[in-house]
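Q: The primary structure of each chain is shown beneath.
2 protein chains.
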Amino acid sequence: MDDLAELAGVSKSTVSRALSDNPLVSKKTRDRIKQLAKEHNYRLNVNARNFFLKETLTIAVLMPSANNADWRILDPFFLELLGNIADALNEAGHELLLAKTSGQSVNWIEEYTKLQRCDGMILIGQGSEHDKINHLWETFDAFVVWGAKLPGQKYCSVGSDNFNGGKMAAEYLLSLGRKRLAFLGDRELPEVMLRFKGYLAALKQAGIEPDEQLELSTPFESDAAFTATVRLIESGASFDSIVAASDVLAMSAIRALKQYDLEVPDDISIIGYDDIMLSSYYNPALTTVRQNCAEGGHQMVKNLLRILDGEEPVSVLLPTELVIRSSCSGPPTRKKSR
Amino acid sequence: MDDLAELAGVSKSTVSRALSDNPLVSKKTRDRIKQLAKEHNYRLNVNARNFFLKETLTIAVLMPSANNADWRILDPFFLELLGNIADALNEAGHELLLAKTSGQSVNWIEEYTKLQRCDGMILIGQGSEHDKINHLWETFDAFVVWGAKLPGQKYCSVGSDNFNGGKMAAEYLLSLGRKRLAFLGDRELPEVMLRFKGYLAALKQAGIEPDEQLELSTPFESDAAFTATVRLIESGASFDSIVAASDVLAMSAIRALKQYDLEVPDDISIIGYDDIMLSSYYNPALTTVRQNCAEGGHQMVKNLLRILDGEEPVSVLLPTELVIRSSCSGPPTRKKSR
DNA sequence: AAATTTATTGCAATCGGTTGTAATAAGGGA
DNA sequence: TCCCTTATTACAACCGATTGCAATAAATTT
Numbered sequence: 002m003d004d005l006a007e008l009a010g011v012s013k014s015t016v017s018r019a020l021s022d023n024p025l026v027s028k029k030t031r032d033r034i035k036q037l038a039k040e041h042n043y044r045l046n047v048n049a050r051n052f053f054l055k056e057t058l059t060i061a062v063l064m065p066s067a068n069n070a071d072w073r074i075l076d077p078f079f080l081e082l083l084g085n086i087a088d089a090l091n092e093a094g095h096e097l098l099l100a101k102t103s104g105q106s107v108n109w110i111e112e113y114t115k116l117q118r119c120d121g122m123i124l125i126g127q128g129s130e131h132d133k134i135n136h137l138w139e140t141f142d143a144f145v146v147w148g149a150k151l152p153g154q155k156y157c158s159v160g161s162d163n164f165n166g167g168k169m170a171a172e173y174l175l176s177l178g179r180k181r182l183a184f185l186g187d188r189e190l191p192e193v194m195l196r197f198k199g200y201l202a203a204l205k206q207a208g209i210e211p212d213e214q215l216e217l218s219t220p221f222e223s224d225a226a227f228t229a230t231v232r233l234i235e236s237g238a239s240f241d242s243i244v245a246a247s248d249v250l251a252m253s254a255i256r257a258l259k260q261y262d263l264e265v266p267d268d269i270s271i272i273g274y275d276d277i278m279l280s281s282y283y284n285p286a287l288t289t290v291r292q293n294c295a296e297g298g299h300q301m302v303k304n305l306l307r308i309l310d311g312e313e314p315v316s317v318l319l320p321t322e323l324v325i326r327s328s329c330s331g332p333p334t335r336k337k338s339r
Numbered sequence: 002m003d004d005l006a007e008l009a010g011v012s013k014s015t016v017s018r019a020l021s022d023n024p025l026v027s028k029k030t031r032d033r034i035k036q037l038a039k040e041h042n043y044r045l046n047v048n049a050r051n052f053f054l055k056e057t058l059t060i061a062v063l064m065p066s067a068n069n070a071d072w073r074i075l076d077p078f079f080l081e082l083l084g085n086i087a088d089a090l091n092e093a094g095h096e097l098l099l100a101k102t103s104g105q106s107v108n109w110i111e112e113y114t115k116l117q118r119c120d121g122m123i124l125i126g127q128g129s130e131h132d133k134i135n136h137l138w139e140t141f142d143a144f145v146v147w148g149a150k151l152p153g154q155k156y157c158s159v160g161s162d163n164f165n166g167g168k169m170a171a172e173y174l175l176s177l178g179r180k181r182l183a184f185l186g187d188r189e190l191p192e193v194m195l196r197f198k199g200y201l202a203a204l205k206q207a208g209i210e211p212d213e214q215l216e217l218s219t220p221f222e223s224d225a226a227f228t229a230t231v232r233l234i235e236s237g238a239s240f241d242s243i244v245a246a247s248d249v250l251a252m253s254a255i256r257a258l259k260q261y262d263l264e265v266p267d268d269i270s271i272i273g274y275d276d277i278m279l280s281s282y283y284n285p286a287l288t289t290v291r292q293n294c295a296e297g298g299h300q301m302v303k304n305l306l307r308i309l310d311g312e313e314p315v316s317v318l319l320p321t322e323l324v325i326r327s328s329c330s331g332p333p334t335r336k337k338s339r
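Protein chains in written order, with this note's numbering: chain A, 2 to 339; chain B, 2 to 339.
By construction, these hints were calculated from the structure, which means they are not laboratory data. Incorrect hints may appear among the rest.
[Said to hold, decoys possible] If you want the ones that stay clear, here's a sample from chain B, every Cβ over 10 Å from chain A, calculated:
id : residue
1  : Ala225
2  : Ser236
3  : Asp241
[Claimed, not checked] Cross-link-like lysine to any residue pairs, in silico, SDA-like; alpha carbons within 20 Å at most:
id : chain 1 : residue 1 : chain 2 : residue 2
4  : A       : Lys115    : B       : Asn42
5  : B       : Lys55     : A       : Val47
6  : A       : Lys115    : B       : Leu20
7  : A       : Lys115    : B       : Lys39
8  : B       : Lys13     : B       : Asn42
9  : A       : Lys259    : B       : Asp262
10 : B       : Lys13     : B       : Ala49
11 : A       : Lys303    : A       : Thr114
12 : A       : Lys55     : B       : Phe52
13 : B       : Lys115    : A       : Tyr43
14 : A       : Lys259    : B       : Asn42
15 : A       : Lys39     : B       : Asn108
16 : B       : Lys55     : A       : Leu58
17 : A       : Lys115    : B       : Glu264
18 : B       : Lys13     : A       : Phe52
19 : A       : Lys259    : B       : Arg256
20 : A       : Lys35     : B       : Tyr113
Heads up, the beta-carbon is just placed ideally off N, CA and C, and yes, glycines get one too.
Using the sequences provided together with the hints, build the complete structure.
A: Below you can see the structure in the form of C-alpha cells.
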C-alpha cells in the first residue's frame, strides 16, 4: 500500500480511504487511485484489515455431528440447507467457515467466536442442548439456530413450522381414508417432537385414539429406521400408513416394507418430511412435507447480521407445504395391510 | 496479552513464547504462564497471529457451480466428499472455508489465496477448465483438485480410477449376459469421459460394437437424464442395460424406465457410480461403483499440506470397488427389453 | 573469586492496514 | 487583497501478536 501511495504521489491514508470509497477523499483522486490499484493489480490484505477492525466477515456453520463422531452419515437435507446458507452469506459478502464441534460443549460456540475466527455462528439443529443454548444466549448472542421454536426460548431460531408440518402430513393420510398411522422419528430431537405432536393433534381431531405400538422413536442413524420398521411389521401391529420425520427415514422404511412384500402406497402409504432433491427421484416418488430451506438460509443469515448490528432478531417459523407425489394413496386396496 | 504479562510479572514476548511452547522459555515459567492464561481464560487472537505470520490455517474448498448459478442442484456425492475433506482438515488443524466462484475465471483461485483468505484451495472437479488450471499451475501451485487424471496434467489431482470404474461397470453387466449397454453421462466432464472410455474398452474386449444411439451425453442438471432416457426409450433403440455416470443419474433413469413399465433389473439392468448414501436405500437398491471418498478427502488434504510445505505432491488414483445390490440381474427375462 | 559460557528474559521493530487529528490547499465573501 | 470557511490530504498512533538481538542471570570453569 505504501508503494501504491508513492506511485499515486499521495499518502497511505489517502489510498486507504480512496479504496474504501471514503467521501473524505475527492472523487477524482479516488478514481485515479482505484485505477492505479487495478493496473498494478494491488490486493488489499483482508487479514490485516480484519485484524485491525476486529471483524472477520466470516460466519461459521456448525453442522450436527451425530455421536460427535463422523458426520458422514448426514441427512442430505442439512446439506441442501448448507448450500442455501452459503448462497445467502455470499450475497451478504461474508465467508462461510464449516465448523465441527467434535464433542465440545455448548460454550465452545462463544470461545470460537471470541477467538476471532468468525463474527458469529449458525447452528444446524439445537439437538438436545436447548437449555444450554438458552443459557448461553444470556451472555453471548452472536448465533442463530436452525431448528424448532420451543416454549421459553430466548435465542433466535429459524425453522419450519414443525407442528403444522406433522399435522399436515397426518391429516393428509387421514383424508385419504387411512386410519392406522404409524409415526417414525427420533423424538429426542425437538423438531421431531413437534412433528410428533402435530401428528397426535391430527389424530385427536379425527377422533382416533393414538396407539403407542405405532410410535416408533428411532435414532437418526442410518439403519435404525429400517430395523424399527421391520420390528413394527413383525410385531403384527396393524397399520396402514407411516408418517416419517424425514425423507431419508421414509426411504429406509419403504425398503423394509418392500422386503416384506408390502406395497407402497397401496398396502402402506408413507409420507416423508423435507423434500430433499432425491425424493422426487425415489421409487415410488415420495409424498412429503416440504421445508423451504432456501428461505430458511436467507432468514438465518439475515437474523445473524441483524444481531451483529446490535438489532433485535426475530425468530421465524417457515410455512410448510405438502408435496403430493405417489407414495400415498387411498385406503388399502389389498387385504395385506395389517 | 500485555495484561497477562503483567500478571505473570514477565514481558509480553515471554508470554508469547511460553504459549507457543518455545524452549527458549524455561519449562517452569512456561507452565506457570499457561496456568495463568487458563485461569483468566485468556485466548490468543488468532487473527492477529495469522496476520503477522501471513498464514490463515484455512483451506478453501471450491464446489462446482453448474452454470455458475445456484449450486443447490448439487450431487450428494460432492457433499459427502465435502464432509470427508472437513474431517481431514480438522485433523490437520485447519479450517474449511466454503467458497464459490460465481462465474469467476480460473485465476480467481490465485487471487483469492493471495488475498490471504486461505492458504490454499481444493477444487472439486476441474470441469472444462483443465487447460487453464494446468497453466495456472506454472505460476501458482497452492491447490489440489478432485477429478480425473488427464494426460499432460501438471497439477496435483486426486480421484477415483474413472477409466477402470467405467470398465468395471460395463464388464459386470456383460458378465451377467447383457449385451446392449447404454451409457448415460455428461462426457464434457473429463471424469465422465474417462468412465465412458472404460465402458468402450469393456465393450471392445467383449467383441461388441459400440452403438452411438446408446451413448447419451446429458448435462449434469436435474432432469436432463430423465428426458434423455425417455428419448432413448421412445427412439425404439434396443438396449438391455445402462451404465450411468452417477447414482443420481441412475435414479433419474430408473424413474423414466418405470414410467414406461420397464422393470429394473429384469427388463433393463442399471449400474450407478459413486455409491452415495441413498443408493442402498433406493428401490431397487443400486448396484454401483464405489468411490472411496473418505480416502479421497484425506489424500487431497495431505497433498495440499505437502505443497504448502514446499514438497512435491503426488497425484493419486483411488481404486474403485464394485458394490453389488439389486439393480442388475442376468439377461432380460421378459421380452419387453428393446 | 574472577572469567567465561550458557540459559533466560526483555526491548523494540514489524506485519498492513484504519482513523483521529492536525495541516494544508482551495474557494468565497467582504 | 485579505480573511475565513470548507474541502482535501498527510502524519502518526494503533490493533495484538511474533521474533531477532541485546541484556541479564545462572551455571560452569579456571
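Q: If a hint holds in the structure, say so; if it does not, say that too.
A: Hint check:
no.: 1; hint: Ala225; result: holds (13 Å)
no.: 2; hint: Ser236; result: holds (22 Å)
no.: 3; hint: Asp241; result: holds (20 Å)
no.: 4; hint: A:Lys115 to B:Asn42; result: holds (11 Å)
no.: 5; hint: B:Lys55 to A:Val47; result: holds (11 Å)
no.: 6; hint: A:Lys115 to B:Leu20; result: holds (18 Å)
no.: 7; hint: A:Lys115 to B:Lys39; result: holds (15 Å)
no.: 8; hint: B:Lys13 to B:Asn42; result: holds (17 Å)
no.: 9; hint: A:Lys259 to B:Asp262; result: holds (18 Å)
no.: 10; hint: B:Lys13 to B:Ala49; result: holds (14 Å)
no.: 11; hint: A:Lys303 to A:Thr114; result: holds (18 Å)
no.: 12; hint: A:Lys55 to B:Phe52; result: holds (12 Å)
no.: 13; hint: B:Lys115 to A:Tyr43; result: holds (10 Å)
no.: 14; hint: A:Lys259 to B:Asn42; result: violated (57 Å)
no.: 15; hint: A:Lys39 to B:Asn108; result: holds (15 Å)
no.: 16; hint: B:Lys55 to A:Leu58; result: holds (18 Å)
no.: 17; hint: A:Lys115 to B:Glu264; result: violated (58 Å)
no.: 18; hint: B:Lys13 to A:Phe52; result: holds (19 Å)
no.: 19; hint: A:Lys259 to B:Arg256; result: holds (17 Å)
no.: 20; hint: A:Lys35 to B:Tyr113; result: holds (19 Å)
Hint compliance for this structure: hints 14, 17 are not met, and every other hint is.
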